[in-house]
Amino acid sequence: MKPLLVYWDVRGRATYLRMILHYAGVDFEDKRYKFEVTESQKAYSDYKKWFQEDKIKLQGILDFPNLPYYMDDTVRMTQSRAILEHLGRKHHLDGRNEQELFRIDMIYDVLADIGFILGEIAYPPPVENRQEIHDKTRKAYAETLPAQLASISKFLGSNDWMAGNHLTYVDFYAYDILDDNRKLFDPKHINQFPNLVAYLRRIEELKGVKEFLASPAFQPMLIMGPLALFGGSETRVPTE
Amino acid sequence: MYTDPSEYYDKDLRNLSELLDFPNLPYYIDDEVKITQSKAILRHLGRKHNLDGSNEQELVRMDVIYEQVIEFFVALLSMAYLPDVENRKEIHEKLRKQFHAALPSKLLAITKFLGNDEWMGGKKLTYIDFIIYDVLDAIRRLFHPENLNAFPTLVAYVTRVEELKGVKEYLASDAFQPMPIFGPFALFGNTKDYTPSE
Numbered sequence: 250m251k252p253l254l255v256y257w258d259v260r261g262r263a264t265y266l267r268m269i270l271h272y273a274g275v276d277f278e279d280k281r282y283k284f285e286v287t288e289s290q291k292a293y294s295d296y297k298k299w300f301q302e303d304k305i306k307l308q309g310i311l312d313f314p315n316l317p318y319y320m321d322d323t324v325r326m327t328q329s330r331a332i333l334e335h336l337g338r339k340h341h342l343d344g345r346n347e348q349e350l351f352r353i354d355m356i357y358d359v360l361a362d363i364g365f366i367l368g369e370i371a372y373p374p375p376v377e378n379r380q381e382i383h384d385k386t387r388k389a390y391a392e393t394l395p396a397q398l399a400s401i402s403k404f405l406g407s408n409d410w411m412a413g414n415h416l417t418y419v420d421f422y423a424y425d426i427l428d429d430n431r432k433l434f435d436p437k438h439i440n441q442f443p444n445l446v447a448y449l450r451r452i453e454e455l456k457g458v459k460e461f462l463a464s465p466a467f468q469p470m471l472i473m474g475p476l477a478l479f480g481g482s483e484t485r486v487p488t489e
Numbered sequence: 681m682y683t684d685p686s687e688y689y690d691k692d693l694r695n696l697s698e699l700l701d702f703p704n705l706p707y708y709i710d711d712e713v714k715i716t717q718s719k720a721i722l723r724h725l726g727r728k729h730n731l732d733g734s735n736e737q738e739l740v741r742m743d744v745i746y747e748q749v750i751e752f753f754v755a756l757l758s759m760a761y762l763p764d765v766e767n768r769k770e771i772h773e774k775l776r777k778q779f780h781a782a783l784p785s786k787l788l789a790i791t792k793f794l795g796n797d798e799w800m801g802g803k804k805l806t807y808i809d810f811i812i813y814d815v816l817d818a819i820r821r822l823f824h825p826e827n828l829n830a831f832p833t834l835v836a837y838v839t840r841v842e843e844l845k846g847v848k849e850y851l852a853s854d855a856f857q858p859m860p861i862f863g864p865f866a867l868f869g870n871t872k873d874y875t876p877s878e
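From first to last, the protein sequence lines are chains A and B.
Start counting the first sequence at 250; every next residue gets the next number (the working numbering).
Start counting the second sequence at 681; every next residue gets the next number (the working numbering).
It cannot be assumed that every hint is accurate.
To be verified - With the C-beta cut set under 10 Å, the calculated list includes, among others, these residues of chain B facing chain A: (1) Val713; (2) His724; (3) Arg727; (4) Gln737; (5) Leu739; (6) Ile790.
Unchecked claim - Below, in silico cross-link-like pairs of lysine to any residue (SDA-like), each with a Cα-Cα straight-line distance of 20 Å or less: (7) B:Lys714 to A:Asn346; (8) A:Lys304 to B:Leu788; (9) A:Lys385 to B:Glu770; (10) A:Lys297 to A:Phe284; (11) B:Lys769 to A:Glu381; (12) B:Lys786 to A:Gln308; (13) A:Lys280 to A:Leu316; (14) A:Lys388 to B:Asp764; (15) A:Lys403 to B:Asp701; (16) A:Lys403 to A:Lys437.
I should point out that these hints are in silico values taken from the structure, not numbers from a laboratory.
The C-beta atom is built at its ideal place from N, Cα and C for all residues, glycine as well.
Take these sequences, add in the hints, and give me the full structure.
Below you can see the structure in the form of structure tokens.
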């Protein structure tokens, strides 16, 4: 079967999976559930189809039906990190020795902590003062951003890639998280770190990746869904 | 083990910044490596001590269940440490009750995933079993144990991990303190004698 990747029609947790598949030259189906925001600001259409129909139909096929999910001739799986690691092993983009392996794991968790916080900021609990919570958490995070970028910059050092000398699956994840930050927050923060800017450019130039990022399928500004308090719209000017 | 935050933050952190790329707790140092980030440490130890997956199917199973179960733990962490707004207790109650309502279906899915296997990867004990144990144990302390007891397969699994040589002795020792799970300023699970509400 043609490998199948399924997710919402946003960047979210699929961009790095799309990137690694494009880099590896895989002819895959990039299926997306679309959002369509109605006048009452409630997303519906494919949203309902996923939650009320398709997710239920996938019970028995996937252990934990969720988006993203990935299927090919050998696996049927969920969880974006698990999918990324599977594709990393499959397409020879994994660490090659102990040092590379734990470098990958360390930076992955550091980046994942950032990704998690961005999600929490974007989607505060459904209470009346959620805008207040969003503003508070967004500002608090922005204050930590320079120091976080500094330690990632130091970790990368003069290496071309996060693991060291070799491109690995974690570089696609790092691209996405770092790019999220320069879209959701003022790019001046990341511009303080020339090695990170060069690193992002290096990934953007990879054959397969370059074409994908230039295509309509990438949607650079649609990081979160349309109901998120930031990252869900094409036109947004960062406030920090 | 650190018992006093100032020992870490005021004293050791400066020195650790020299040694570690991302100074944090936990950290692990041996002859070959200096690592932070608990999954990175766990995987390194897994590879070192023959507790890693041995084929693609096991590796995929391990990664999927890890991510799934960690999502639960992260949700619990999130509701334990909410932003400092006036209605944080109210928000916490809401989130905790929601989590509890969804608990049976979550535990059922994990039970089905484990199936007839002894270990989460399949036939072989791997490093993943230690962290799955830890989260399931946290759930039966943050919520009434009967929530987990409704799933005998999971209770048997948890017991199986507890009976492992080395683990058994550690869990019986003073070095293992089952509670508190979260720090003193968390909104639940923050005291030795914490009693679950549901």
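A quick look at each hint next to the structure:
1. Val713: holds (6 Å)
2. His724: holds (5 Å)
3. Arg727: Because about 7 Å separates Arg727 of chain B from the closest Cβ in chain A, which is inside the 10 Å limit, the hint holds.
4. Gln737: holds (8 Å)
5. Leu739: Holds, about 7 Å.
6. Ile790: holds (9 Å)
7. B:Lys714 to A:Asn346: holds (15 Å)
8. A:Lys304 to B:Leu788: Status holds; Cα separation ~16 Å.
9. A:Lys385 to B:Glu770: holds (18 Å)
10. A:Lys297 to A:Phe284: Holds, because 10 Å separates the two Cα atoms, which is no more than 20 Å.
11. B:Lys769 to A:Glu381: Holds, at roughly 16 Å.
12. B:Lys786 to A:Gln308: Since the Cα atoms of Lys786 of chain B and Gln308 of chain A sit roughly 13 Å apart, the hinted pair holds (cutoff 20 Å).
13. A:Lys280 to A:Leu316: holds (11 Å)
14. A:Lys388 to B:Asp764: holds (13 Å)
15. A:Lys403 to B:Asp701: OK: Lys403 of chain A and Asp701 of chain B at ~8 Å, within 20 Å.
16. A:Lys403 to A:Lys437: holds (18 Å)
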